[in-house]
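Here are the chains, one letter per residue:
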Amino acid sequence: MWHSYEAGKKKGWFKPKEECPDDSYCVTDLNIKWENGSANALLGPSGCGKTTLLNVISGLLKPTRGKVLFDGKDVTALSPEERHIAQVFQFPVTYESMDVFQNLSFPLKNDGWAAAKIDARVKEIIALLDMGEIAHRSMAKLTPADKQKVSLGRGLVRPNTAAVLLDEPLTVIDPKQQWDLRRRLRQVQRQLKLTMIYVTHDQHEALTFADNITVMSLGQISQTGTPEELHSNPANPFIGFFIGSPGMNLLDCALRGDELDFGGFTIPAAQNIKVKVAGCGGSCKLGIRPESVEVAFTPKKDWPEFTLLTVENMGAYKVLTLESGSRRIKSRIPENAAVTEGAKLWVRFPEEQVKIFKDDVRIDG
Amino acid sequence: MKNKAWLFLIPTLVLVAINAFIPMMTVVNYSFFNLYSGSTPEFVGLQNYYDLFRDPFFHSALWRQLVFSIAVLVVQIPLGIAIAACMPKKGIGVTISLVLLGFPLLIPHNVVGIIWRLFTQDNIGIVPTVLAWFGYTYNVAMSPVDAPLTIFVCDVWHWTPLIALLSFAGMQAIPDAFYQAAKIDGASTWKTFRYVTLPKMRNVLTIGILLRFMDSFKIYDEPMTITGGGPGSSTTFLNIFVARKAESYDLGYAGAVSIVYLLIVMVVSYLFFQVLSRVGKGGADK
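Keeping their order, the protein sequence lines are chains B and V.
Numbered continuously in the working numbering, the first sequence closes out at residue 522.
Numbered continuously in the working numbering, the second sequence closes out at residue 267.
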């Protein structure tokens, strides 16, 4: 069995009435599929429409146009409950007059289950989430992390839950427990083969949680792929810059004879790059990841000279900011390399690592 | 002096002492004397208190007061919540309903009393006229049933908006996600209200109930202006009872009544606060 969510194909897909008074749409033209039992992330900067899209999928919002399909069946008109979707919100949402056990049994009671069946099912979920010790504690006495587990548990307690949607669920949880809870989420996802869609603006969370990541920007889908694909093959400069730490170096350049001119320094252009740049009118945006930028401490032929502006020591590696003319690039080097700010360095962009973009679209590879 | 903060509190403490503590102690002092205006005070110990607890007029005033205050809570709290729940949640409707609800709260107590006196006045008021159409002969000045009911309806009119405003503020402060979660969990409208809205309004309602209890327990202006405590003693609430005693120059006895009155308000309010702040909190810790 596999199911998918497909969302509209027309321009102007979702438009909340109150929030967008003009003709703008929060989420536009998109078509996206999530497969059954997969761990997915929806990644994008704040305000890009992730939460709106999520609420459309869960049924809390009705799209202006377009459809949400579930196993090929149109569920656009159904309520969240009828879609069998669970949602975990940014901050813990629990029923504070109930204890953990009562919270977990609430959806089942609403579904009219028999008491004995509820008891057995809730105990299963409590065991799954390892909450035995706090099962009869009141909400006021739980940590935010435990409350978030309760809201996750309420989502899982229905055996026919089709998908769990998580809207930045770790925002209010302290870093140490974040790690723990994310691991638990991943474990539950694998164990129950659940479809999870995890919304976040934190690329680290997305990359560590999901098998499949959809990056959104300004209400549109920028790229969908595995973490490796997004990192090594960004479809546009936005992905290049958004994924990776630090983000990809993006430099405007123009082809002058056999050289690429960056307006401060030049590098010799390899044949295949030359063909591609020439093919799009002789100017383009060149992208290279900081970890791919090669750095030499002595002059080398055809390696342009840079001045080292700043060194950021990140523990496992160092991030160098280099300047030539008005152009700045970042480079990532091993932590043990000795460098001093203000020194001269020489760099090379290995041609196999270079990505070429024209008008925000990748044109090589 | 180690803790200089106390220095800065002194002006406030002096003000409180002059305004509240010293006058109250004077009253405590009076209550131990047989004290008529113009006569020499005579120390009688607890005699005033002893008389008070045996005074049938005090018993009936206290009983009437309790019934009134409880009725106020029983009607005004649910009604206020219901009004808040029915109010528009956004747009111009919010402003309009807030202004309309706020209006009665702006009117001073005695003015409210006079308005209602005009409403209910025999021959000219709208209330007796309308009720007469339905065959009911209403007379606030003569009927021991109509009089307290009128005071009660007047109080509901005057103060339910306060509960509605508090409840509305409390409801507005509940994040949408809680309602969305309840929707996903398949909760009915009633269950959503019972398990999401009501628990989240606990603090606001505690304040509302305390305010309404203490205020209604001290009601004075409305019965004074509408009925003057009558007919008979049917609207003689505790406050009016105390005032009558003071008016009759039996100051020692009035002092004793005041002290007992104060203690009742304090104790009952404290009990309310304790109970309300526990509701829904530690339910699962048994």
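Simulated from the structure, these hints should not be mistaken for laboratory data.
Careful, some of the hints might be misleading.
Calculated pairs, DSS-like style, for lysine-lysine (alpha carbon to alpha carbon, straight line, at most 27 Å) [as the list claims (entries may be wrong)]:
(1) Lys164/V <-> Lys219/B
(2) Lys70/V <-> Lys181/V
(3) Lys475/B <-> Lys457/B
(4) Lys274/B <-> Lys71/V
(5) Lys433/B <-> Lys458/B
(6) Lys219/B <-> Lys172/V
(7) Lys298/B <-> Lys181/V
(8) Lys172/V <-> Lys266/B
(9) Lys190/B <-> Lys164/V
(10) Lys515/B <-> Lys501/B
(11) Lys181/V <-> Lys266/B
(12) Lys280/B <-> Lys71/V
(13) Lys333/B <-> Lys230/B
(14) Lys350/B <-> Lys164/V
(15) Lys70/V <-> Lys199/V
(16) Lys475/B <-> Lys442/B
(17) Lys442/B <-> Lys431/B
(18) Lys266/B <-> Lys71/V
(19) Lys71/V <-> Lys(-15)/V
(20) Lys280/B <-> Lys70/V
(21) Lys181/V <-> Lys224/B
(22) Lys298/B <-> Lys164/V
(23) Lys298/B <-> Lys333/B
(24) Lys442/B <-> Lys458/B
(25) Lys431/B <-> Lys333/B
(26) Lys219/B <-> Lys199/V
(27) Lys274/B <-> Lys70/V
(28) Lys(-15)/V <-> Lys219/B
(29) Lys70/V <-> Lys298/B
(30) Lys457/B <-> Lys431/B
(31) Lys274/B <-> Lys219/B
(32) Lys298/B <-> Lys266/B
(33) Lys230/B <-> Lys181/V
(34) Lys501/B <-> Lys457/B
On the chain B side, residues computed to face chain V include the following (Cβ under 8 Å) [unchecked claim]:
(35) Leu217
(36) Ser254
(37) Asp268
(38) Ala272
(39) Ile275
(40) Asp276
Backbone N, C-alpha and C define an ideal beta-carbon position, used for all residues, glycine too.
Query raised in the report: When the hints from earlier in the document are held up against this structure, which numbers fail?
Result: 4, 10, 12, 13, 15, 18, 19, 20, 21, 25, 26, 27, 28, 29, 31, 33, 38, 39, 40
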